[in-house]
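Here the protein sequences line up with chains A and B, keeping their order.
Quick note on my numbering: the first sequence kicks off at 4 and runs consecutively.
Quick note on my numbering: the second sequence kicks off at 4 and runs consecutively.
Worth flagging that the hints you see were computed from the coordinates, not collected in a lab.
All figures in this text were calculated on a predicted structure; none of them were measured in a lab.
Each residue gets a CB set at the ideal place from its N, CA and C atoms; glycine is no exception.
Be a bit skeptical, because a hint or two may be false.
Computed spacing ranges between beta-carbons, pair by pair [claimed, not checked]:
# : chain 1 : residue 1 : chain 2 : residue 2 : range
1 : A       : Asp115    : B       : Asn98     : 50 to 60 angstroms
2 : B       : Thr66     : A       : Gly35     : 43 to 53 angstroms
3 : B       : Ser67     : A       : Ile91     : 42 to 52 angstroms
Number of protein chains: 2
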Amino acid sequence: MKALLLVAHGSRRKQSNDEVVALAEKLKNSCGEQYDIVKSAFLELADVLIPEGIEQCISDGATSIIVLPYFLNSGRHVFEDIPNIINICTAQHPNIDISLAPHLGASELMVDLLVSSAVNAK
Amino acid sequence: MKALLLVAHGSRRKQSNDEVVALAEKLKNSCGEQYDIVKSAFLELADVLIPEGIEQCISDGATSIIVLPYFLNSGRHVFEDIPNIINICTAQHPNIDISLAPHLGASELMVDLLVSSAVNAK
C-alpha cells in the first residue's frame, strides 16, 4: 500500500496546523486512486510529529511512503532536518520504502499557481 | 502599467532570498503579457522591503500593483502585517491601485502542485 505524508513545519498557532490537516484531507480526496493512505505530520511544535506520522502510515498497512515537504524554501529543514528524520525512520523500518519529494518552491507548477493567485487579488 | 510584487517573508539565509528573486524572474518571463513590471520584496530580514518594492514599481511607471504573498499559511503576516503595510503605502500613493492577492495555501491549484511534486520523490 502506498502512503503520502504531507509534512509542514508546525506552528504555535492552531489554525495554521489545522490548515495543513485540511489540505491533507483535500489531497486524500483528490488522489485516492494513486495513494491508499494520505496523512499529515509536523517537523516541530504540533502533533503529530514526522516519526509518528510514518508509524501511523505503517500501522495502516503502508509499504511505501512518500514524504512531501510543505515548505517553500530550500532551507535547513528541507535539506537536513527532514532527511535526517527519514534516515532514522528508514533504519527502524528497513522493509518500508520511504522516499522524499522535492519541496514546493522547486515545483514547475509554482509559477502557474502564482499567476492564478494574482487574478484573485482584492 | 500593471505591476506584480511577489512578497516573501525574508530569511537570514541568502540562498532562500535568492530563490525568491529567481522565482520573480521566472514569473516575469511567464506573465510578461499580463504584467508590465514583476518584482520581489520581503516582509523583513532581507532587501528590498515591501514599501521599497512598491516605490520601485511606482518609479517604473506602475499605476496598479498586485501584492502576491509567497506564504503557505494564513498567519499574522498574511492577515495583519502585509495588509497594514499596504494600507500605509496606499495612503502615501492614493492614485495607485494597490491590491492584495490570496496567500498560496489558499490556491485551488495547491493540491495539483502537491500531487505533481510527489511524483518526483526519491
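Do the hints match the structure? See the list:
In this structure, A:Asp115 and B:Asn98 break the distance hint of 50 to 60 angstroms, their C-beta atoms being roughly 32 angstroms apart. A C-beta distance of roughly 46 angstroms is found between B:Thr66 and A:Gly35, which places it inside the suggested range of 43 to 53 angstroms. The beta-carbon spacing between B:Ser67 and A:Ile91, approximately 50 angstroms, falls within the hinted interval of 42 to 52 angstroms.
This entry does not satisfy hint 1, going by the numbered hints stated previously; all others are met.
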